[in-house]
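Engineer: Okay, here's what each chain looks like letter by letter:
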Amino acid sequence: DTEVTQTPKHLVMGMTNKKSLKCEQHMGHRAMYWYKQKAKKPPELMFVYSYEKLSINESVPSRFSPECPNSSLLNLHLHALQPEDSALYLCASSQEWGVRGFHEQYFGPGTRLTVT
Amino acid sequence: AQTVTQSQPEMSVQEAETVTLSCTYDTSENNYYLFWYKQPPSRQMILVIRQEAYKQQNATENRFSVNFQKAAKSFSLKISDSQLGDTAMYFCAFMKHDGSGNTGKLIFGQGTTLQVKP
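Going down the list, the protein sequences come from chains A and B.
Counting from 1, position 111 in the first sequence corresponds to residue 111 in the working numbering; the numbering is continuous, with no gaps.
Counting from 1, position 57 in the second sequence corresponds to residue 1057 in the working numbering; the numbering is continuous, with no gaps.
The hints are simulated quantities; they were obtained by calculation from the structure and are not laboratory data.
Heads up, the beta-carbon is just placed ideally off N, CA and C, and yes, glycines get one too.
You may find that some hints are simply not true.
Anything over 10 angstroms on all C-beta distances counts as not near chain B; from chain A, calculated [said to hold, decoys possible]:
1. 11
2. 51
3. 59
4. 65
5. 79
6. 80
7. 83
8. 116
Cut-off 25 angstroms, straight-line C-alpha distance, at most; resulting in silico cross-link-like pairs (BS3-like, lysine-lysine) [as the list claims (entries may be wrong)]:
9. 1096/B with 36/A
10. 41/A with 1073/B
11. 22/A with 53/A
12. 18/A with 38/A
13. 9/A with 38/A
14. 36/A with 19/A
15. 22/A with 1105/B
16. 53/A with 19/A
17. 41/A with 9/A
18. 1078/B with 41/A
19. 41/A with 22/A
20. 1070/B with 1055/B
21. 40/A with 1117/B
22. 1055/B with 1073/B
23. 53/A with 1105/B
24. 38/A with 1105/B
25. 1105/B with 41/A
26. 1070/B with 1105/B
27. 1078/B with 40/A
28. 53/A with 1096/B
29. 41/A with 1117/B
30. 1096/B with 41/A
31. 1096/B with 1055/B
32. 1096/B with 1073/B
33. 1105/B with 40/A
34. 36/A with 1105/B
35. 1055/B with 1078/B
With the rest of the complex left out, here is chain A (with noise of 0.2 angstroms):
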């Protein structure tokens, strides 16, 4: 099973509204990441978590909140977005993050994010 799991497929929020995106794996992985991807645009890395600890933010707005529960479920709660935060939400798994050589990522479908 190399599946990740993404909830829900598609979302539209008001920019005064709090939401969660939810990612899900049960591949045994212990990194997992979220990507925003603009349309004809390639992935943007956000958040890096390796064994349920944030390892990298990249200069995210705080806006965007992750949450890492446990090693299967990978969480992003939004709150006050704005228009130009509207994208595809990635989430990937990996074996590992960063180190013991190459880890394939694998991506799920996705969330379409709309702030209107």
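Let chain A serve as the given structure and place chain B on it in line with the hints.
Structural biologist: Below, chain B alone, put in the same frame as chain A:
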């Protein structure tokens, strides 16, 4: 800093034909990996092929092969016998490593949209 450049925003190919997607990169690192990722419309991004910089032999995966020119910092992807299911956006990507197994983040190029025509 590393950069990855894909100079072809869009390409098309007839079914069963061969197509080559270009990628160049810039780095001062000696140890790194290069990748091609495929992102079909509304579907998951998947890894197509990987090349380790220290390996001179070009990587191949079934109908997909690369032409890795380290000195020229070029890494092109050849798709043979193109199929309709190859229609997707293709990203070239770079990841450094320090030779001790420690790797960095994926750095993507801007992508090439490939349309396979019946």
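Engineer: The structure should be examined with respect to each hint, and the outcome stated for every one.
Structural biologist: Status of the hints after comparison with the structure:
1. The beta carbon of residue 11/A sits about 15 angstroms from the closest Cβ of chain B, which is more than 10 angstroms, so the claim that it is off the interface holds.
2. Look at residue 51/A: its CB is around 15 angstroms from the nearest CB on chain B, clear of 10 angstroms, so calling it non-interface holds up.
3. Listed as outside the interface, residue 59/A is consistent with that label: its C-beta sits roughly 13 angstroms from the nearest C-beta of chain B, beyond the 10 angstroms cut-off.
4. Listed as outside the interface, residue 65/A is consistent with that label: its C-beta sits roughly 20 angstroms from the nearest C-beta of chain B, beyond the 10 angstroms cut-off.
5. Taking the minimum C-beta to C-beta distance to chain B, about 26 angstroms, the non-interface status of residue 79/A holds against the 10 angstroms cut.
6. The Cβ of residue 80/A sits about 27 angstroms from the closest Cβ of chain B, beyond the 10 angstroms cut-off, so the non-interface label holds.
7. With a minimum CB-CB distance of about 22 angstroms to chain B, residue 83/A clears the 10 angstroms threshold, and the non-interface call stands.
8. Every CB of chain B lies more than 10 angstroms from the CB of residue 116/A, the least distance being 22 angstroms, so the non-interface label holds.
9. For the proposed pair residue 1096/B and residue 36/A, the alpha carbon gap of about 21 angstroms is at most 25 angstroms, so the pair holds.
10. Distance hint between residue 41/A and residue 1073/B is fulfilled; the C-alpha atoms sit about 22 angstroms from each other, no more than 25 angstroms.
11. Straight-line distance between C-alpha atoms of residue 22/A and residue 53/A comes to about 17 angstroms, which keeps the hinted pair within the 25 angstroms bound.
12. This hinted pair checks out: residue 18/A and residue 38/A have alpha carbons roughly 21 angstroms apart, not beyond 25 angstroms.
13. Restraint check: the Cα-Cα separation between residue 9/A and residue 38/A comes to about 16 angstroms, which is no more than 25 angstroms; the hinted pair holds.
14. Taking the CA atoms of residue 36/A and residue 19/A, the gap is near 16 angstroms; set against the 25 angstroms cutoff, the hint holds.
15. Between residue 22/A and residue 1105/B the CA atoms are separated by roughly 22 angstroms; this keeps the pair inside 25 angstroms, and the hint holds.
16. Our distance criterion of 25 angstroms between C-alpha atoms is met by residue 53/A and residue 19/A, whose separation comes to about 22 angstroms.
17. For the given pair, residue 41/A sits about 19 angstroms from residue 9/A by alpha-carbon distance, which is consistent with the 25 angstroms threshold.
18. Distance hint between residue 1078/B and residue 41/A is fulfilled; the C-alpha atoms sit about 22 angstroms from each other, no more than 25 angstroms.
19. For the hint linking residue 41/A to residue 22/A, the alpha-carbon distance of about 22 angstroms falls within 25 angstroms, and the restraint holds.
20. Distance check on the hinted pair: residue 1070/B and residue 1055/B sit about 10 angstroms apart at the alpha-carbon level, within 25 angstroms; holds.
21. A threshold of 25 angstroms between alpha carbons decides the hint, and for residue 40/A with residue 1117/B the separation of about 20 angstroms falls inside it, so the pair holds.
22. A hinted pair counts as satisfied when its Cα atoms are at most 25 angstroms apart, and residue 1055/B with residue 1073/B qualifies at roughly 14 angstroms.
23. Between residue 53/A and residue 1105/B the CA atoms are separated by roughly 17 angstroms; this keeps the pair inside 25 angstroms, and the hint holds.
24. At roughly 19 angstroms between alpha-carbon atoms, residue 38/A and residue 1105/B fall within 25 angstroms of each other, so this suggested pair holds.
25. Restraint check for residue 1105/B and residue 41/A: satisfied, since their Cα atoms lie roughly 17 angstroms apart, inside the 25 angstroms limit.
26. Of the pairs offered as hints, the one joining residue 1070/B and residue 1105/B holds, with about 20 angstroms between alpha carbons and a cut-off of 25 angstroms not exceeded.
27. With a CA separation close to 21 angstroms, the supplied pair residue 1078/B and residue 40/A stays within the 25 angstroms bound.
28. Of the pairs offered as hints, the one joining residue 53/A and residue 1096/B holds, with about 22 angstroms between alpha carbons and a cut-off of 25 angstroms not exceeded.
29. For a cut-off of 25 angstroms, the pair hint linking residue 41/A to residue 1117/B stands: about 23 angstroms separates their Cα positions.
30. A distance of roughly 22 angstroms separates the Cα atoms of residue 1096/B and residue 41/A; the hinted pair therefore holds under the 25 angstroms criterion.
31. Taking the CA atoms of residue 1096/B and residue 1055/B, the gap is about 14 angstroms. The hint holds against a cut of 25 angstroms.
32. Distance check on the hinted pair: residue 1096/B and residue 1073/B sit about 14 angstroms apart at the alpha-carbon level, within 25 angstroms; holds.
33. The hinted pair formed by residue 1105/B and residue 40/A meets the criterion: a straight-line CA distance of about 21 angstroms does not exceed 25 angstroms.
34. Our distance criterion of 25 angstroms between C-alpha atoms is met by residue 36/A and residue 1105/B, whose separation comes to about 14 angstroms.
35. With a C-alpha separation of about 18 angstroms, the suggested pair residue 1055/B and residue 1078/B falls inside the 25 angstroms cut-off, and the hint holds.
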